[in-house]
Amino acid sequence: MQDYIVEMRHITKRFPGIVANDDVSIAIRPGEVYALLGENGAGKSTLMSMLFGMYEPDQGEIYIRGEKVAFHSSNDAAAHNIGMVHQHFKLVDTYTIAENIVLGMAPMTKKFGIFPCVDIKRANREIAELSARYGLEVNPTDKICDVPVSVRQRVEILKMLYRRAEIMIFDEPTAVLTPQEIDFLLQIIDGLRKDGKTIILITHKMEEIKRIADRCAILRRGKLIDVRSVAGTSVQEMANMMVGREVSFDQNKPKADFGNAVLSVEHLTVENDHHFPVVRDVSFSIRSGEIFAIAGVSGNGQTQIADAITGMLPVSSGTITLDGNVITRMPIRSRAREGISYIPEDRQGMGVVMDFSLQENLALREYNRSPFSKKGILQFDRFREYADQLIGRYDIRSGQGAKTQMRSMSGGNQQKAIIGREIEEHAKLIIFVQPTRGLDIGAIENIHRQILDERSRGAAILLISLELDEIMKLADTIGVIYNGELLKTAPAEEMTSQEVGRYMMGVKEA
Amino acid sequence: MKKNNYLLSSRLTGKHSSVWVSVLTIVLTIITAGILLLLMGKNPAAAFYSFLQGCGLAPKENYGGGSGMLSDLSDFLNYLAPMLLAALAFIVAFKAGLFNIGIAGQMLLSGFLATALVGYSKDLPAGIARPLVLVTGIAAGGLMGALIGFLKYRFNIHEVVSTIMINYIISYSTGFFINNKYVDMLTRTSRVCTPQSRLTLTNVQIAGVSCKVPLGLLIAVVMAFLVQFIFDRTTFGFELKAVGMNRQCAKYIGVGVGGSIVAAMAFSGVLAGLAGVTYYLGYTNTIIPKTLVGMGYDSISVALVGNSSPVGSIFAAVIVSIFQQGCMLPVALT
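Chains as they are written, first to last, in the working numbering: chain A, -10 to 499; chain B, -13 to 320.
I should point out that these hints are in silico values taken from the structure, not numbers from a laboratory.
Everything numeric in this text was worked out from a predicted model, so none of it was measured.
Quick reminder that beta carbons are idealized off the backbone N, C-alpha and C, glycines included.
Each hint should be verified, as a subset may be incorrect.
A few chain B residues that don't get close to chain A, going by computed Cβ distances all over 12 angstroms [stated by the list, open to error]: (1) 23; (2) 150; (3) 234; (4) 242.
Distance condition first, Cα-Cα at most 30 angstroms in a straight line; then the derived DSBU-like pairs of lysine-lysine [claimed, not checked]: (5) A:417 x B:237; (6) A:79 x A:242; (7) A:242 x A:132; (8) B:138 x B:46; (9) A:244 x A:79; (10) B:138 x A:392; (11) A:57 x A:100; (12) A:242 x A:212; (13) A:199 x A:244; (14) A:212 x A:392; (15) B:237 x A:363; (16) A:364 x B:237.
Pairwise CB distance ranges (calculated) [claimed, not checked]: (17) A:241 x B:85: 34 to 42 angstroms; (18) A:216 x B:6: 52 to 60 angstroms; (19) B:6 x A:-7: 41 to 49 angstroms; (20) B:141 x A:250: 36 to 44 angstroms.
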């Protein structure tokens, strides 16, 4: 038996305007959980895409079980028992779970002895057995579009197992999961390790690495910084190596200096398309210099509150007042002009136009005003200038600067662009919804600092987050939402995170 | 890494690659057609040459009295004008995320109205008749487009469904009126329009041969550059593109999405209307009742071969028109 099951030697990969991997060498032992840690855009996914045959390296060699390989497609990689769970799942929505898993290598049968067709009964049976064996509970006949994200991920894992993968690559598997689902996934990964599989985990979350990984390679801006045994390395050390400087986990929050009420929401009710109230009789107000955080389990109406304030959703009843003006029925653009900035939850779906360039996206709030346009004609010089300023100020990294297409940028940098664009409006009220979801620690630290800076500037801030830690760290006032109702509103220092957690579960008086 | 969604991203980015896509499409078309011709036992080179001959881009062996290569060329350009306008109509809607499959109907409606309202007024001088034809085409197409946009925005009726249905309505209702009021008993089509209302000058002697001068071509080329400018440089075009690529984001930045949809369809309809009057009061000068022109659908391929670039579609329109117009000759020869 060789020492290493996977070896990647001196790998270099360039894309237009960027060196994604610069002379990276890693070696992975059979049966270990090997973590790749790095910020967004550090080159982790690119490195693994090469191992999975989606790209070919410009320089360097890949060895599997000591044998040199050159993959031209992911089929070649699959033939060497390598499997990958992508960050964005590759599943056919309208197929059943079993159909998705066997797709491409389905068990065949001959109907009436001649007509070849897929033996779906056998596939269902096999999938049921497989899922029972690994504790990955799924119902093989459910359609993908009907099952939640966590189950889709299980389907992806089963897909690898069905293809007898021995080396399994997980690309940011926990980004889309809730804390409970993360626990479950880590158990599954541990089970796979006990079963002798080799796991490569791409992540930027230190806690997960601490909990599950044996060794950890740290990448920064395409270069391999170090490979450490996880047991002998502290979270702080890993974070510092990943970001390349001293990271502070505790932001020192300046003393609060509240002014007058900027936003007040009274008896707000919002209905969904089926006339079912998703926000019920919610009232709160935010003063200037105050961070009002809404805590709650996902899907309890928090994003609808943000959408109602910004005008994306119509208000059924109640009033919204901004700086003394009632804005309940005002058009979206007028509200923005009155002083509302909005960092939406769905970045790619709402926050940016993916097929616009970075400079166009950065100008989305300003394009129809002087100096960005004059008499209806766009002034691209000004677009360019403004984009260059923001790229510097908010550390937005992209392959070709201001002209880079949004679609080709990493999720973290897309979010930086949105936040930069919205903060630059210097609005009276800034609404952040899930501002740091899926981002790495360096980016999170920056965004938290920006939120606190805006608070010091005197903005009223509405923070909606599923991360309790984030809320406890930043909020001046916490409102807990459950089933569309604000169950409890109190100054942050009067509540512990346990109490907030209990209200989030709908316990009225703790 | 994220793979590009090809159809979306090709709409406006990667100038070089988009040109290559168009060129490759054309080359593959010629190769495929060549193989088919070979299988039929014909000489592809001769066939393609005859396409060019048919369009007046290559000389024929002999010509009838008073005509020459230039006559064929002018015929070709006469056909090109409505083709390009129709392609632009498709592009405008497509960039705003709308699929205007009703161009043929919009062409017919505007052509019919211009014929009925202006085309038979023998007393109108050309200086008034021609602008009136254009205005009628613009108004009829624009209003029809706006209606389709309104149906989509207000009642959520998909434009593909509404335009297909409206195509039939227009085809049969105009057919009814032509057959009852405007029919030429001999040809069974509508009576020809007056020369002073027609957008093509006929029997113009150039270099000793009789040619047609399509005034619509000038309008079409100007429109191509205008549409390009609107989408590249104006806030209006910027908003239409944003609506086309991400309706949710357009709403989020405060673009009136409903208004944009109506505006885009009205604009598309205006161009289709212009295509209609240049076709029915230029290329043909008559309307066959109850018949939608194939050009309404050919224009979709023109737009897509041109990679939905307005200026690029000038070239695509030339190529597709060569196939359409040039095929008259080989068919006649065989």
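Indices of hints not satisfied (ascending): Failing hints, ascending: 3, 4, 6, 7, 8, 9, 10, 11, 12, 13, 17 and 18.
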